[in-house]
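Quick mapping for you: the protein sequence lines, in order, are chains A and B.
When you number the first sequence by the working numbering, it's gap-free, plus one each residue, and the end is 354.
When you number the second sequence by the working numbering, it's gap-free, plus one each residue, and the end is 556.
Take the hints with a grain of salt, since some may be wrong.
To give an idea of the interface, some chain A residues facing chain B are shown, with a C-beta separation under 10 Å as derived from the structure [unchecked claim]: (1) Ser182; (2) Leu261; (3) Pro265; (4) Lys281; (5) Val283; (6) Phe286; (7) Trp289; (8) Val291; (9) Ala300; (10) Lys305; (11) Leu312.
Honestly, the hints are just simulated from the structure, not real lab data.
This one's a predicted model, so the numbers in the text were calculated from it and none came from an experiment.
Ideal placement from N, C-alpha and C gives every residue a C-beta, glycine not left out.
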Amino acid sequence: MAVSNTAWENLSNQAVAAAGVVYFLALLVHLAEWAAMRQPAADRSLVAAGGLEKRDGAGTAGDDVTDTTAGRGERIAFLTRLGFLLTALACAIHFVSLLGRGMAADPNRVPWGNMYEFTLSGTFVVALLYLVLYKKFALAWMGPIVVAFVLTVLMVAVIWLHDEVAPLAESLNSPWLVIHVVSAVIATGAFTLGGIASIMFLVKSRRLRLDAERGEDAAAAGWLDRVPSLDRLDKLAYRVHAFAFPVWTFAVLITGPIWAHEAWSRYWNWDPKEVWAFITWVVYAGYLHARATAGWKGRKAAMLALVGLGTLWFNFIGINYFSSTSQHAYAVERVVDVAEAPPLTG
Amino acid sequence: MSTPDRRPGELTARELLRWTWRQVTSMRTALLLLLLLALAAIPGSVIPQQGVDSLAVTRWKAEHTKLTPVYERLDLFSVYSSVWFSAIYLLLVLSLVGCIVPRLFVYFRGMRAQPPAAPRNLARMPVHATYETDLSPDDVLALARTTLGRRHRLRSSGDDTVDHVAAERGYLREAGNLLFHLSVLVVLAGFAMGGLWGYQGGVIIVEGTTFSNNLTQYDDFKPGGLFRAEQMKNFRFSVDEFNVDWLMEGPRKGQARKFEADLTYRVGDGEEQQYDLRVNHPLELDGTDVFLIGHGYAPVITVRDATGEIVYTGPTPFLPQDASFLSFGVVKVPTAQPQQIALEGLFYPTFIMSDGNPTTLVGDDLNPTLSMLAWTGDLGLDSGTSQSVYVLDKSGATPIEDEDGKQQRVDLQLGDTVELGDGLGTVTFERVDPWIRVQISQTPGKGIALLGVVAALIGLCASLFIRPRRVWVRATALPAPGAGGPDDDSDDQATDGTMNGGGARTRVEVAVLDRSGNGDMDEVLADLLARLGSDPADTTSGK
Ligand code: HEM
Chain A
9 MAVSNTAWEN
19 LSNQAVAAAG
29 VVYFLALLVH
39 LAEWAAMRQP
49 AADRSLVAAG
59 GLEKRDGAGT
69 AGDDVTDTTA
79 GRGERIAFLT
89 RLGFLLTALA
99 CAIHFVSLLG
109 RGMAADPNRV
119 PWGNMYEFTL
129 SGTFVVALLY
139 LVLYKKFALA
149 WMGPIVVAFV
159 LTVLMVAVIW
169 LHDEVAPLAE
179 SLNSPWLVIH
189 VVSAVIATGA
199 FTLGGIASIM
209 FLVKSRRLRL
219 DAERGEDAAA
229 AGWLDRVPSL
239 DRLDKLAYRV
249 HAFAFPVWTF
259 AVLITGPIWA
269 HEAWSRYWNW
279 DPKEVWAFIT
289 WVVYAGYLHA
299 RATAGWKGRK
309 AAMLALVGLG
319 TLWFNFIGIN
329 YFSSTSQHAY
339 AVERVVDVAE
349 APPLTG
Chain B
14 MSTPDRRPGE
24 LTARELLRWT
34 WRQVTSMRTA
44 LLLLLLLALA
54 AIPGSVIPQQ
64 GVDSLAVTRW
74 KAEHTKLTPV
84 YERLDLFSVY
94 SSVWFSAIYL
104 LLVLSLVGCI
114 VPRLFVYFRG
124 MRAQPPAAPR
134 NLARMPVHAT
144 YETDLSPDDV
154 LALARTTLGR
164 RHRLRSSGDD
174 TVDHVAAERG
184 YLREAGNLLF
194 HLSVLVVLAG
204 FAMGGLWGYQ
214 GGVIIVEGTT
224 FSNNLTQYDD
234 FKPGGLFRAE
244 QMKNFRFSVD
254 EFNVDWLMEG
264 PRKGQARKFE
274 ADLTYRVGDG
284 EEQQYDLRVN
294 HPLELDGTDV
304 FLIGHGYAPV
314 ITVRDATGEI
324 VYTGPTPFLP
334 QDASFLSFGV
344 VKVPTAQPQQ
354 IALEGLFYPT
364 FIMSDGNPTT
374 LVGDDLNPTL
384 SMLAWTGDLG
394 LDSGTSQSVY
404 VLDKSGATPI
414 EDEDGKQQRV
424 DLQLGDTVEL
434 GDGLGTVTFE
444 RVDPWIRVQI
454 SQTPGKGIAL
464 LGVVAALIGL
474 CASLFIRPRR
484 VWVRATALPA
494 PGAGGPDDDS
504 DDQATDGTMN
514 GGGARTRVEV
524 AVLDRSGNGD
534 MDEVLADLLA
544 RLGSDPADTT
554 SGK
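Isolated chain B (complex conformation) (with noise of 0.2 Å):
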């Protein structure tokens, strides 16, 4: 709708103020948007929260018992998907397309716009400088044309009575701007994909076993919103040996170091292969990817029952308490004749008494030792209810007693059998298996998102480092020196250059209009005039 013919300034007048107006409004709403979000995201950082640290939470629920209805109301465990957190993200988002939308129609429109025509008085802008050449109007243009037209865009003269170059330049400040904030959409999309379809798990597997990709053989599953079980994967892989290096010297002594699980891995009926599975080098299965993010013992445990029979045996991976490896782990056994047996206890991978406490020294199994306490009695595996393999019910349970009349402690260092009291069996230690621990899902839309990102930041620095102005020079002739009389009306003078006897003069006057706020005009304004020729000597800046 714009007419080529208009003036500017003039004829958009109402449209500005109108576009001033909205920006002002929308523009402090998105500013107390943000702060408001900025705001919200706090109570996550110092409440435990659910899709972090689910044990911290479970813990801060039994201390506070009072808090936690109120806290649960308000979502205050799982802040980032609560309905108030989303309301100001959305709320954000429905602003930034108000914002944006509209904004992106006026850069198109005015994509191939010319610069405007320079004002009537040049004095009047905010940075201007005026000097006298001995060079032509025409010549002073052209030259102008040639200093500012590599990086400007000029305002075509049209016809020969314009007295002045108008340019303009900066252009792509704006675009990426919207740029930016287009972007911020692509991330948020791409981050909601993965929350919506994507799914997490978590799997412990001990050395020399195998994991095929199904639902059932997970410990535990965090599946998206929109998350179906058809988009499993199918494959398998085993963990042929895991090997850490442990330090034993130095002021991380007893750290683990470059953890390192030779896998051998099959997708689907395809050829079996070979992956070292570090920290930091996920695997990537057929886009599913398996990350090792952890690793422990499992001690091999053997326990008979009173028949002698072999009632368990295998590797039960114990789950380490801290970073010395001290572990703890449950052996259930619902089979033994006549009566359950369960074991309960502790794994110390190097056992030392320091002080006549039992502890472990390092984290390298270099003496391994349990020590668990004996149970019999109904464990309530049979109630039908889902029991984790980490906890045992004592509700039913009894403490096998020891000849003292105490509870039974099993302490066995590798290779020990123990009896059991009252004749229920014997366990025996008969070695330890490491385990890893691997967290294997599936994160759509994070190509996606780190795309957005990507183009976000090349928009921001185009909007944050493009620094748009507009550049006049305008060139009068001034009357030759004797000819005629003073003439206090050059500024309206026609220029065509006939005016330019010997010896005549120039008057050619500059002036800089800084379209973002924040260059330093005066800078580009010196750096112009140097380029024009001029003589500082004989030059007035204005502000």
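Isolated chain A, as found in the complex (with noise of 0.2 Å):
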């Protein structure tokens, strides 16, 4: 062996560190780059005119920055691929912490054995699909939010769920768990981007609505213009969730059964894992017949698809210190199944 699983664990770690260097750098250039989107003063009474039609109209990539120098115009040009490229940088950093994780374990196995490790890889499928999509849906304002995103639950990860590598308990030794997991995690985190997005809805549209009570019209400078219109953002959140959607049935409700049966002998048996997986599904469920509802478009379908969040999250984090009768293993490090016996007694 050329490599020892030590040497590829303390890889692992400074991967971790070294991609949350960089995902910090380009928060910062993103940072950089909304704050020179503030126009000064001076400047605001010019962009007003065309401001608002840009504010709903196409205003989407970095290339229509509601700018009248072109000086200024091109810097943020410039400041948004480098964030780009910084976030890219980071990602595949990222990757080679989650390779050096499945490389330290002995035997070689996929890096998905306990919390820190199914952390690590959500906010990295996080990452890369902002960078996979960001052609596609002109994701570009979306940077700023989505490396803060992943910067703090990294940090989180590092901090309180940092674990060492150790061999998977018996009953994940299955081939059905890389399917289950790589499928869970997709899910997760394209669930995340278009939460994100459905958050923007909610707070551009709030926004929207309080300029037009006050009867002002292009006072929000500087990155909501930046954000798509509402009716972009609703479809982007519908096209992100729609892709996870099926995704999480596949992870939730096929492979998931079917490992389960394997493992544990029955295919549904209402652990609370499975309970939240199950009410996430459903609140999705619902999310997708609002949207095809009259009365609920809009507005009360993004906010069902923050509870959806909400509840897919909570199962991942909050329901492993709520029960402890999970039988998940990355809940409760469970040996076997522990026979039923009364409490010790003399």
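Can you join these two chains into the complex? Each is in its own frame, and there are hints to help.
Right, dumping it as structure tokens:
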């Protein structure tokens, strides 16, 4: 063996740290970009004329920044691109850290043995999906939010969830684990991205409402101009959710039960983890219904999407602290099913 | 009932209205029921559930004596089979059937329908464009037909007076939606079958012994409501050997891996066969699944009574208390003379003293040690009520005392023999046998449920990713430059191609209608225009 397991583990730890630093740099660049977009008061009146249309019109990618001076537009475009490249670099390093976790285990395995690794993977998928969909959905405006989210969760993972590399518990040792967890992680990442779009929908619609009430029109200077129109946000959120929902269905209602059947003899046991996965599924089904129901489109649907996101993350983090009966091994490290016994006496 | 020559949009207006009304009301109901279902599922994840962890239920009840009767009345210990939970999902099923069945009929009726003809004024459509070209109207329409034909259903032109191409695609979206919802019913049916006709039973089997599949052999048995004893299949298997790998280093030190039980089994009068039973590798016997779900230790203990007779001998399964495999067990010897004898206490697989406290270092049996308290008197076994083998009824028993007058603690290492106080007999710790716990279950309908979810997933993908839309392309000949005056009515002019003399131009109008509400129609329009060969500089698009 050329590289020892400890070396891999150290590599992984260092890569997490390095990825964190680069994400941080990306965040700084994006913040500078936002700052550059806040127009000085003098410019504002100039922009105001076209501002409203931009705000609710096609305003999307980095190239239609509401700016009058070409020089500033260029600077902003440069910062946008730099932020994107830094995020891509951080994401690549992030991947190295996952690889290191997998290679450090003996035997080598997928890096999803515990909460730390699951979080590492989940944030990686959020960043990766953002990068992959960047062009298709013109996600430039989302950069700062995604990077801030990934960075924060990564920090939480390192500080509170870090765990040494260890072999998988026996029941996790199944090819179904790979399929189940990879789909669950992808769906989690995608739901998170979709949730960000829904949050921005709510923020922006509130802002527009307030502006309308005050009779102001172009007051929302800076980054909210950058955020796409409500209609586009709504469609973006829908599309990302529509991608995530079948993946979640596959993870939770197909591969999960198959694996549970092999490992624990019951394909659906109403174990708390399963219950919450089911709740998440039902809430997102509600979201999809809401979008097709008159009166629930838009804000109510967006709120439902956020409820779904809440149940998703609660299931991942909260349920482990709430419930001790979960058989899911990254919740409670349980060697085997301990037979039922009366409490100790004597 | 559709007359082929009716004008779309007019004749269906009433139907549409009724249909929309029904859709809006029932969709809202469905939505609320879905949210209610999500809400109703929550208590079962917080309160221990009988079907998931009955031990936790017992413990919870002991700690909350006041709340217990209330919770019991509300079925909160078995939420997922409670009346109120069932009511919600049955209502949902009802709503689903009420919603989907009419849609099915609508779908089948509309399956072979033509795409509707173009509205009179395409410029009123939300997404449209207009351009001019040198091609004749016929050529434009022919081009539109070939361009759209591959991926759209086209309205047959009927006669030559039609000045446009009408196309539609995405019919499968609704099919997918219907398939998805119907499959939900299939899944529920499969799930219900498992609950009604299935069973799960658990049994501890000591290495070297044999299990035959009949009800009396199970330690616990949970049949479904419609389970019949004839469903039990005739098979038997013995556990020849059980092996575990213990991790002796690393962060999971002490964790067991690679449990493996070598079984010899026989179904009915068939041949004997071998199987390596492992976690994640169940054995299927004639429609019944056998799973390895746990393991532990059964110290072999021999008890001689005051007369020196062997009154008890054999492996006694002890139950692990936690992942360290510190285990709890009971030995009951009702035939001992002159008095019944019982022992209750702990088994330490690898005994050590740590800070003056007895504990076990790892789960491997490197230093097996027993430490039990001794009892004598009436063990309550003759009263006729059944007793768990893991619970000692001490109400009629008295402690056996040692020389100091304290209750005697029987501490034994492998091979040791201890004399009981008052000359009641001796206890010998002969050896340790491993046991495995298997779960044996029949889950009828699991294939149906799996089929259902897979079909649901396929339907779901079709429903979410197919974007139905309608496309119209209308071509109108413009009067040749110089020939005749300006013609304001060019919209309504019949197109017959004869007007295309040299230099004559054709005006083309294109409109796209999104029927899912989620597509990006601007993109679709731009793509279509490009394929029709329109000159972007010469095209006006509208929204
Ligand atoms: C078991 C409960 C149900 C679940 C899990 C469920 C799930 C879903 C999902 C995931 C979709 C999204 C697919 C799409 O957008 O086409 C959907 C759409 C739809 N559902 Fe349900 N549904 C349920 C019950 C119902 C009921 C009771 C009704 C009728 C009242 C209904 C009517 C519809 C309709 C009409 C659509 C299509 C919406 C559209 O045209 O976009 N569903 N459902």
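Each hint tested on the structure:
no.	hint	result
1	Ser182	holds, 4 Å
2	Leu261	holds, 5 Å
3	Pro265	holds, 8 Å
4	Lys281	holds, 8 Å
5	Val283	holds, 4 Å
6	Phe286	holds, 6 Å
7	Trp289	holds, 9 Å
8	Val291	holds, 5 Å
9	Ala300	holds, 6 Å
10	Lys305	holds, 9 Å
11	Leu312	holds, 8 Å
In this structure, none of the earlier numbered hints is contradicted; all agree with it.
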